[in-house]
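K.L.:
Chain by chain, the residues run as shown.
Protein chains: 4
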Amino acid sequence: MEKNRLEAFSDGVLAIIITIMVLELKVPHPEPGSSHVPNLQTLKPLLPVFLSYVLSFIYVGIYWNNHHHMLHSARRVTGGILWANLHLLFWLSLFPFTTGWVGENHVAATPTAVYGFVLLMAAIAYYILQRTIIASQGRDSMLATAVGSDWKGKLSPVLYLAAIPLAFVSSWIASGIYIFVALLWLIPDRRIERVLAQREHQP
Amino acid sequence: MEKNRLEAFSDGVLAIIITIMVLELKVPHPEPGSSHVPNLQTLKPLLPVFLSYVLSFIYVGIYWNNHHHMLHSARRVTGGILWANLHLLFWLSLFPFTTGWVGENHVAATPTAVYGFVLLMAAIAYYILQRTIIASQGRDSMLATAVGSDWKGKLSPVLYLAAIPLAFVSSWIASGIYIFVALLWLIPDRRIERVLAQREHQP
Amino acid sequence: MEKNRLEAFSDGVLAIIITIMVLELKVPHPEPGSSHVPNLQTLKPLLPVFLSYVLSFIYVGIYWNNHHHMLHSARRVTGGILWANLHLLFWLSLFPFTTGWVGENHVAATPTAVYGFVLLMAAIAYYILQRTIIASQGRDSMLATAVGSDWKGKLSPVLYLAAIPLAFVSSWIASGIYIFVALLWLIPDRRIERVLAQREHQP
Amino acid sequence: MEKNRLEAFSDGVLAIIITIMVLELKVPHPEPGSSHVPNLQTLKPLLPVFLSYVLSFIYVGIYWNNHHHMLHSARRVTGGILWANLHLLFWLSLFPFTTGWVGENHVAATPTAVYGFVLLMAAIAYYILQRTIIASQGRDSMLATAVGSDWKGKLSPVLYLAAIPLAFVSSWIASGIYIFVALLWLIPDRRIERVLAQREHQP
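Protein chains in written order, with the working numbering: chain F, 818 to 1020; chain D, 818 to 1020; chain A, 818 to 1020; chain R, 818 to 1020.
Extracted from the complex, chain F is given alone in its bound form:
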């Protein structure tokens, strides 16, 4: 029952984050007195904002999916879990800001590096939450088994860390790394599902 409310609050925050990001995609206002008819060219300056929105949408989707699975395998909620969860939500709440900043500046170096920094901090916050849950459930818990070696969770921060300085060499390399990490996670992670399925089949 306690867990339900933690999930509901996190769902609420994630749902709002994913939706207010779209507010950065600002409706092009017709200039007063102008007889300019809007066409597809009007949307062209919005393209980088749109693409950074798509990437961030996928990232929030990945976080929601993994958060969903992770909490599904947790049995009880402690004060430490509540705060580790809020810490994760804090860094995710900065996504709309960094997404808008990258998009409006056509993937300039500093915004791209700051985007990576927030991704890095969110990844670290996720790792802390995972460790906090495992610590409270026991090392042989369902989550510990399911997470296993967690190579994705360990590789991602390393890649973000590499992307931050690389953004000053070429922001396209950094962006490429962010897209690569997103694809890495999009490939379905059946680990937890498999462990869950096994448990259900055991007598």
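Mixed in with the good hints, there may be bad ones.
Negatives, chain R to chain F, calculated, CB over 10 Å [said to hold, decoys possible]:
| id | residue |
| --- | --- |
| 1 | LEU868 |
| 2 | ALA901 |
| 3 | HIS923 |
| 4 | ASP967 |
| 5 | LYS969 |
If you want a taste of the chain F side facing chain R, the calculated C-beta under 10 Å gives, among others [to be verified]:
| id | residue |
| --- | --- |
| 6 | ARG822 |
| 7 | LEU831 |
| 8 | ILE833 |
| 9 | LEU840 |
| 10 | GLU841 |
| 11 | GLY896 |
| 12 | ALA926 |
Here are the simulated DSBU-like cross-link-like pairs (lysine-lysine), alpha carbons at most 35 Å apart as the crow flies [unchecked claim]:
| id | chain 1 | residue 1 | chain 2 | residue 2 |
| --- | --- | --- | --- | --- |
| 13 | R | LYS971 | R | LYS820 |
| 14 | D | LYS861 | A | LYS969 |
| 15 | A | LYS969 | A | LYS820 |
| 16 | A | LYS971 | D | LYS861 |
| 17 | R | LYS969 | A | LYS843 |
| 18 | F | LYS843 | A | LYS843 |
| 19 | A | LYS971 | A | LYS820 |
| 20 | D | LYS820 | D | LYS969 |
| 21 | D | LYS971 | D | LYS820 |
| 22 | A | LYS969 | R | LYS820 |
| 23 | A | LYS843 | R | LYS843 |
| 24 | D | LYS820 | F | LYS843 |
| 25 | R | LYS843 | R | LYS861 |
| 26 | A | LYS820 | R | LYS820 |
| 27 | R | LYS861 | D | LYS843 |
| 28 | D | LYS843 | D | LYS861 |
No lab work stands behind these hints, which were simulated from the structure alone.
Note that the coordinates shown come from a computational prediction; the quantities given were computed from them, not determined experimentally.
All C-beta atoms in this analysis are idealised placements derived from N, C-alpha and C, irrespective of residue type, glycine included.
Place chains D, A and R on chain F using the hints.
P.N.:
Frame of chain F; chains D, A and R shown alone:
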């Protein structure tokens, strides 16, 4: 239990989409130093924004209703369903943008065509989600029976597809088609309700 | 189970409406280059916006409370109830707009009348929802008994209807009526609670 | 079941408050025609806004955590509890405004005092909600036992009250007090958890 969280997250996103659309209906600010008293004329320029809001509100309402019924008949949630659902939410999240753009430009051709394009993509995303759920539940599942020939689901994308080029002939024809499709869905779809009722009455 | 989702969606929309209303209370930006130190005088122009926010907050609170009790006493959800509920949410979603308009124009006549019009439409939508639920549950249902003569629900629209033209005589009279109706509903309505308590005590 | 909906609505409002606060962290727009490349200096003016966001995020987190525990120990929901809860949400809904005002004015005296005033009112509203719940559950209820002497709940308003005039002496002293109170609450409050654990172990 897993399904609950998918529903809760979708409800959250849909609730926010439906509500931030109204933010495009911007309060007319009194000009500083002006002694102009606001009257109903002040609201007149907002009328197209208001009408596009009404149409989009009805569309989000239809999606919420159908989503509600569709997930009600699903028994379990897979990774594929989670992502098909996020894909649908992505296209729906663009509604506030296209609604505002159409409204502010008094139903100009390109915004009207783009509005139709997002409707089309949302309809396709809904169809993919439906297929993904049926695939995971089995062909003789409750949803497969309930959906049946799904003529509405098949006709709607065709009509949107026709409306997009027609928007450049007359944006009123395109708008008329969008309103027609909305009315088509507003007529209560008792298919799923009927199948559900039958199952409950069976021993 | 179906009812849960209707409640969750309505809660989401009402929570967002109540919270985005506060966005009209815009942070007074320090003018660039100005050495002006903000003080309580800076907040003075926001007072009418604040007061209209308080009134609208109370109205949304009343709607949430009553909606809560009404749906609590409903047993099943039909397509008609879903749409009657969306219709109510539509009018409530216009509260942030009318609240901001009244506040920014220091309770001018037309905004005050439009505020009352939206209150009137929401009251009518609530009445339709109530009738739709009673129709689906049966005349001797818990809700029908609990609502009883429903003098508040019948008096409120009449008062709003009177306030709309009176706003053009004096917007303070109209505002006074809106405050009076809010107070009328704030006085706890123990009807449904009482009927619920009786049923629980019956064998 | 009634309690669930109160929690869901409060979660929704708190999730939105915590997320719209970040909207005050406005994306620095590149000036049109400017060849200025954004760098970390571009973010420097946002630092006070960011820091006030961090503090307010922690405060909303504390309120959510305590609200979570408090309602967990409540058994039934009365009309009085519903309104005491809405009263608390009202004051919390002003956090985004005061947070933005303090941040944009680089912790000027009046905004800092107003920030403290809203913290004070929220603390009083929380106390009223706590008393209302205890009154409806009985003096020997789980919550009454858990809350105990409630020294934190009594000390906090006193400190806010001291900080408000002190903001006019030095806004940094006032800010220091707000940070101190936040840290006071961040230290995990195991009182309710302990009482809950004891009850579960009792036969």
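K.L.:
Now tell me if each hint is right for this structure.
P.N.:
Here is what the structure says about each hint:
Listed as a non-interface residue, LEU868/R keeps its Cβ farther than 10 Å from every Cβ of chain F; the least gap is roughly 13 Å. No Cβ of chain F approaches the Cβ of ALA901/R within 10 Å, the least distance being about 19 Å, so the stated non-interface status holds. Non-interface status of HIS923/R relative to chain F is upheld: no Cβ of that chain comes within 10 Å, the nearest being about 19 Å off. Distance check on ASP967/R: its Cβ is at least 18 Å (rounded) from any Cβ of chain F, clearing the 10 Å threshold; non-interface status holds.
Distance to chain F confirms LYS969/R as a non-interface residue, since its nearest Cβ pair spans about 15 Å, more than 10 Å. Taken as an interface hint, ARG822/F checks out: its beta carbon lies about 6 Å from the nearest beta carbon of chain R, inside 10 Å. Satisfaction of the interface hint for LEU831/F is found here, the shortest Cβ-Cβ separation to chain R being roughly 9 Å, below the 10 Å cut-off. At about 4 Å, the closest approach between the beta carbon of ILE833/F and any beta carbon in chain R falls short of 10 Å, and the interface hint on this residue holds.
Checking LEU840/F against chain R: minimum C-beta separation of about 8 Å stays under 10 Å; hint holds. Interface restraint check for GLU841/F: the shortest CB-CB distance to chain R comes to about 7 Å, inside 10 Å, so the restraint holds. Taken as an interface hint, GLY896/F checks out: its beta carbon lies about 4 Å from the nearest beta carbon of chain R, inside 10 Å. Contact between ALA926/F and chain R, as hinted, is supported at the beta carbon level, the nearest pair being about 7 Å apart and thus within 10 Å.
Taking the CA atoms of LYS971/R and LYS820/R, the gap is about 26 Å. The hint holds against a cut of 35 Å. For a cut-off of 35 Å, the pair hint linking LYS861/D to LYS969/A stands: about 34 Å separates their Cα positions. Distance restraint check for LYS969/A and LYS820/A: the Cα-Cα separation of roughly 26 Å lies within the 35 Å cut-off, and the hinted pair is therefore satisfied. Between LYS971/A and LYS861/D the alpha-carbon distance is near 32 Å, which keeps this suggested pair within the 35 Å criterion.
The hinted pair formed by LYS969/R and LYS843/A meets the criterion: a straight-line CA distance of about 33 Å does not exceed 35 Å. At most 35 Å may separate the alpha-carbon atoms for a hinted pair to count; LYS843/F and LYS843/A meet this at roughly 19 Å. For the proposed pair LYS971/A and LYS820/A, the alpha carbon gap of about 26 Å is at most 35 Å, so the pair holds. For the given pair, LYS820/D sits about 26 Å from LYS969/D by alpha-carbon distance, which is consistent with the 35 Å threshold.
A threshold of 35 Å between alpha carbons decides the hint, and for LYS971/D with LYS820/D the separation of about 26 Å falls inside it, so the pair holds. Between the alpha carbons of LYS969/A and LYS820/R the distance comes to roughly 26 Å, so the proposed pair stays at or under 35 Å and holds. Straight-line distance between C-alpha atoms of LYS843/A and LYS843/R comes to about 13 Å, which keeps the hinted pair within the 35 Å bound. A hinted pair counts as satisfied when its Cα atoms are at most 35 Å apart, and LYS820/D with LYS843/F qualifies at roughly 34 Å.
Of the pairs offered as hints, the one joining LYS843/R and LYS861/R holds, with about 12 Å between alpha carbons and a cut-off of 35 Å not exceeded. For the hint linking LYS820/A to LYS820/R, the alpha-carbon distance of about 15 Å falls within 35 Å, and the restraint holds. Annotation: proposed proximity of LYS861/R to LYS843/D holds, straight-line Cα distance about 31 Å (limit 35 Å). Of the supplied pair hints, the one linking LYS843/D and LYS861/D holds, its CA atoms being roughly 12 Å apart against a limit of 35 Å.
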